[in-house]
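Asks: Residue numbers (my numbering), protein chains in the order written: chain S, 1 to 245; chain P, 1 to 320.
Simulated from the structure, these hints should not be mistaken for lab results. Take these hints with a grain of salt, some might be off.
Taking CB as the label site, the calculated pair distances span [said to hold, decoys possible]:
{"#": "1", "chain 1": "P", "residue 1": "Pro237", "chain 2": "S", "residue 2": "Lys152", "range": "25 to 31 Å"}
{"#": "2", "chain 1": "S", "residue 1": "Ser18", "chain 2": "P", "residue 2": "Gly128", "range": "24 to 30 Å"}
{"#": "3", "chain 1": "P", "residue 1": "Lys213", "chain 2": "S", "residue 2": "Thr194", "range": "47 to 53 Å"}
{"#": "4", "chain 1": "S", "residue 1": "Thr233", "chain 2": "P", "residue 2": "Lys288", "range": "38 to 44 Å"}
{"#": "5", "chain 1": "P", "residue 1": "Lys147", "chain 2": "S", "residue 2": "Gln52", "range": "39 to 45 Å"}
Pairs of lysine-lysine residues, derived as DSBU-like cross-links and limited to a Cα-Cα distance of at most 35 Å, are as follows [to be verified]:
{"#": "6", "chain 1": "P", "residue 1": "Lys318", "chain 2": "S", "residue 2": "Lys16"}
{"#": "7", "chain 1": "P", "residue 1": "Lys90", "chain 2": "P", "residue 2": "Lys110"}
{"#": "8", "chain 1": "P", "residue 1": "Lys192", "chain 2": "S", "residue 2": "Lys182"}
{"#": "9", "chain 1": "P", "residue 1": "Lys112", "chain 2": "S", "residue 2": "Lys104"}
{"#": "10", "chain 1": "S", "residue 1": "Lys104", "chain 2": "P", "residue 2": "Lys110"}
{"#": "11", "chain 1": "S", "residue 1": "Lys182", "chain 2": "S", "residue 2": "Lys195"}
{"#": "12", "chain 1": "P", "residue 1": "Lys90", "chain 2": "S", "residue 2": "Lys25"}
{"#": "13", "chain 1": "S", "residue 1": "Lys243", "chain 2": "P", "residue 2": "Lys312"}
{"#": "14", "chain 1": "P", "residue 1": "Lys213", "chain 2": "S", "residue 2": "Lys182"}
{"#": "15", "chain 1": "S", "residue 1": "Lys16", "chain 2": "S", "residue 2": "Lys143"}
{"#": "16", "chain 1": "S", "residue 1": "Lys243", "chain 2": "P", "residue 2": "Lys27"}
{"#": "17", "chain 1": "P", "residue 1": "Lys90", "chain 2": "P", "residue 2": "Lys213"}
{"#": "18", "chain 1": "P", "residue 1": "Lys192", "chain 2": "S", "residue 2": "Lys50"}
{"#": "19", "chain 1": "P", "residue 1": "Lys16", "chain 2": "S", "residue 2": "Lys152"}
{"#": "20", "chain 1": "P", "residue 1": "Lys192", "chain 2": "S", "residue 2": "Lys152"}
{"#": "21", "chain 1": "S", "residue 1": "Lys239", "chain 2": "P", "residue 2": "Lys318"}
{"#": "22", "chain 1": "P", "residue 1": "Lys27", "chain 2": "S", "residue 2": "Lys143"}
{"#": "23", "chain 1": "P", "residue 1": "Lys281", "chain 2": "S", "residue 2": "Lys2"}
{"#": "24", "chain 1": "S", "residue 1": "Lys143", "chain 2": "P", "residue 2": "Lys281"}
{"#": "25", "chain 1": "P", "residue 1": "Lys110", "chain 2": "S", "residue 2": "Lys28"}
{"#": "26", "chain 1": "P", "residue 1": "Lys318", "chain 2": "S", "residue 2": "Lys25"}
{"#": "27", "chain 1": "P", "residue 1": "Lys281", "chain 2": "S", "residue 2": "Lys243"}
{"#": "28", "chain 1": "S", "residue 1": "Lys182", "chain 2": "P", "residue 2": "Lys296"}
{"#": "29", "chain 1": "S", "residue 1": "Lys152", "chain 2": "S", "residue 2": "Lys16"}
{"#": "30", "chain 1": "S", "residue 1": "Lys25", "chain 2": "S", "residue 2": "Lys195"}
{"#": "31", "chain 1": "P", "residue 1": "Lys213", "chain 2": "S", "residue 2": "Lys16"}
{"#": "32", "chain 1": "S", "residue 1": "Lys239", "chain 2": "S", "residue 2": "Lys104"}
{"#": "33", "chain 1": "P", "residue 1": "Lys312", "chain 2": "S", "residue 2": "Lys104"}
{"#": "34", "chain 1": "S", "residue 1": "Lys50", "chain 2": "S", "residue 2": "Lys195"}
{"#": "35", "chain 1": "S", "residue 1": "Lys25", "chain 2": "P", "residue 2": "Lys110"}
{"#": "36", "chain 1": "P", "residue 1": "Lys192", "chain 2": "P", "residue 2": "Lys312"}
{"#": "37", "chain 1": "S", "residue 1": "Lys152", "chain 2": "P", "residue 2": "Lys186"}
{"#": "38", "chain 1": "P", "residue 1": "Lys318", "chain 2": "P", "residue 2": "Lys213"}
{"#": "39", "chain 1": "S", "residue 1": "Lys143", "chain 2": "P", "residue 2": "Lys186"}
From the three backbone atoms N, C-alpha and C, an ideal C-beta is built for every residue, glycine too.
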Amino acid sequence: MKILVCVTSVPDTTTKISFTDNNTKFNKAGVTYIAGPYDDYALSRAVELKEQFGGTVTVINVGEADTETMIRKCLAIGADDAVRVNAVPTDAYFVAEQIAAVAKEGNYDLILMGRESIDYNGGQVHGIVGEMLGIPSITPVMKLDIENGVAKMYKEIEGGKQTVEAPLPLVLGCQEPIADWKIPNMRGIMTARTKPLRVVEPAANDVLTSVDSYELPAARSSCRMIPAEEAETLIMLLKTEAKVL
Amino acid sequence: MSVLIFAEVADGAIRKSSQEALYYGAKVAEMMGTTATALAIGSANTDALAAAGRFGVTKVLHAADGALNEANSMAYASVIAAAAAHEGAKVIVTAKSTLSDGVMARLSGKMKAALGANVTDLPDLSNGFRVMSSIFTGKAFAVTELKADVKIIAIKKNAIVPVETAALATVEAFAPALNDADFSVKITGQTKASGAISLPEADLVVSAGRGFKGPENWGIVEDLANALGAATACSKPVSDLDWRPHHEHVGQTGVKVSPNLYIACGISGAIQHLAGVNSSKVIVVINKDPEAPFFKAADYGIVGDVFEILPKLTAAVKAL
Chain S
1 MKILVCVTSV PDTTTKISFT DNNTKFNKAG VTYIAGPYDD YALSRAVELK EQFGGTVTVI
61 NVGEADTETM IRKCLAIGAD DAVRVNAVPT DAYFVAEQIA AVAKEGNYDL ILMGRESIDY
121 NGGQVHGIVG EMLGIPSITP VMKLDIENGV AKMYKEIEGG KQTVEAPLPL VLGCQEPIAD
181 WKIPNMRGIM TARTKPLRVV EPAANDVLTS VDSYELPAAR SSCRMIPAEE AETLIMLLKT
241 EAKVL
Chain P
1 MSVLIFAEVA DGAIRKSSQE ALYYGAKVAE MMGTTATALA IGSANTDALA AAGRFGVTKV
61 LHAADGALNE ANSMAYASVI AAAAAHEGAK VIVTAKSTLS DGVMARLSGK MKAALGANVT
121 DLPDLSNGFR VMSSIFTGKA FAVTELKADV KIIAIKKNAI VPVETAALAT VEAFAPALND
181 ADFSVKITGQ TKASGAISLP EADLVVSAGR GFKGPENWGI VEDLANALGA ATACSKPVSD
241 LDWRPHHEHV GQTGVKVSPN LYIACGISGA IQHLAGVNSS KVIVVINKDP EAPFFKAADY
301 GIVGDVFEIL PKLTAAVKAL
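Only chain S is shown next, with the shape it has when bound in the complex (with noise of 0.2 Å):
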C-alpha cells in the first residue's frame, strides 16, 4: 500500500498568538513550530497500516527550509521518505495544488491529512486535493481499517457518527481517535537523518485568498466572583445582568 500523508507546520498548541507590523504579519518569535496535531493523527495511522500491509508511507509539506525539522520526526515516527514543495502555504487552494501534482505522479493508495489546520482551521485542502485528482474526499474520519482493498470507516456527524465504506484510492481528513500519536524512539530518529527528503519547486500558483490583517479578541472584563455559599445567585445573574437564560 501506498500511502501520502500531508502534514502542515503549525505554531504549538499553547502558543500565546501575536501579531506584528501593525497587525499584518504573525509574530513568529519564539514560537515553537510542531506537526498539526491532525495530522499527526493521520501520520500515525499511516504508519500502523503500514506495519499491517507493507507499502510506504511519503510524508509532504508545503513550507519553506525550515520546515524540514518537522518532516524529519515525522520520517522518524515511521515514514519512509518525504517531499517538501518549497513555497510559502499561501492558502487552501495554493496547497492542494502542489499536493494533487506530487500524487499525480505517485499513484498513492491513500492520502491522508488531519481534518484541518490548527493556524487557519479551514479544512479545505483534503476536499480540494479529491476534486483536483477525481477521487472521493471523506471528513473527519475517526476510524479508519482496510478490507480487501476496501477502506471501512466512521466519520463524525452532527450529534453521531457514521460508517462508511468506499474503494481505494481516497483522500481523508483525519481527527482522533483514529490512532494513538506516536512518539519516535531512538531507532528512528537515527534513520530519519539518513531518509530522503526530496525538495520540489511548486507546480502551480493559483491563489484565491489572501490575508489583509489581523485581530486578537477583545479581552474580557475582570471575572465577577460569586462566594461559593451564594451560588444560587449565579442563575439569577445570568437571567438579568448577561440576559443569556
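Since chain S is already given, all that's left is putting chain P on it; use the hints.
Replies: Positioned in the frame of chain S, the structure of chain P alone reads:
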C-alpha cells in the same frame, strides 16, 4: 447573480444552524443589490422550506431526489454547483458544520472558489470582498480578501443574529442530473445520540472536567444541563479516559463551540481547552482551585466544590 445559501435539512425542515446562514445570505444579497436563494437537499416538507422566507430568502430550490437523503459530500457539492449555475450565483453561504466542511471543501475545488471559513461578521464590500474569520482556533481573527470569481462563506455560529419576518419563500423543485461517480462512498450505518441537544448547535453548554473524578459522577452535570436545556461537553482528558464520548470533547482538537453560555465545571482551563470555547458569549467557571487559569477567561466565577455547587444551581434553575 443571486446569493445561494446551502440550507441543511434535518427531520424534514431546515436546521436551526442554517437559519442563521439564510439570514446572513439574505443580508449579503441586500448589500449586493440582489436576492437570496436557498438550496435544500434531501426530503423535506414544502411548508417547512417555505418558512425560509422568514429569514429573508425569496426562493428555495429543493433537490428532493431520494438518492440525496443521505448526506454525501461529493454529491452535495455537485448539486450546489448546479444550483449556483442555475441561479448565476457567485456567492455561496453555509453554516460551518461537520457536514458543510466536507461539502464546501469539495465545492471550492470544483468551482475554484475562494473559501472563507469560520466567518464571524458580514463581509466588507467597499473595495473588493473581505471577510472576518476566526483563526488559530478562536485565538485570533483574520481579515481575508476572497479574490476568486466565486466565493464561499462558511459562517461560525453567532456570526449574526437573525431577525424574522412573516414572509414565505417560493419553493421550486430542483432536479439536476446526478453523477454515479459521486456515490462511490457508501453510507452503511448511522448512530445519533437521541434526544440530546447537538453540541455545536447548542445555545447553552454545561461542560465538565477531570474534577468530577469519574464517569459515575456525571449525573449532577446532566441534571444541570437538563434543567437548563443545555448540551453537555467535556475536556480532552475526560474523553481520553473514555469517561465521555469523543464528540463531547471541546477544545483545540475537539469540537469548537460558541454558545451564549458556557459553564465550565472542574476544568482548569488549559490553553488548548480555551481555544475551543473562547468565542462563547458568557463563560462561567466553577473550580475548587482559585488559581485555575480558566478564571482569567471567565465572566462569572465560583471557587468551590462542584459536587456541592452544581445541585444548588440546578435547584435555582428549576425555581426560575
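Asks: So, against the hints stated earlier in the document, which numbers end up violated here?
Replies: As far as the earlier hints go, 4, 6, 17, 22, 23, 26, 29, 32 and 33 are violated by this structure, in ascending order.
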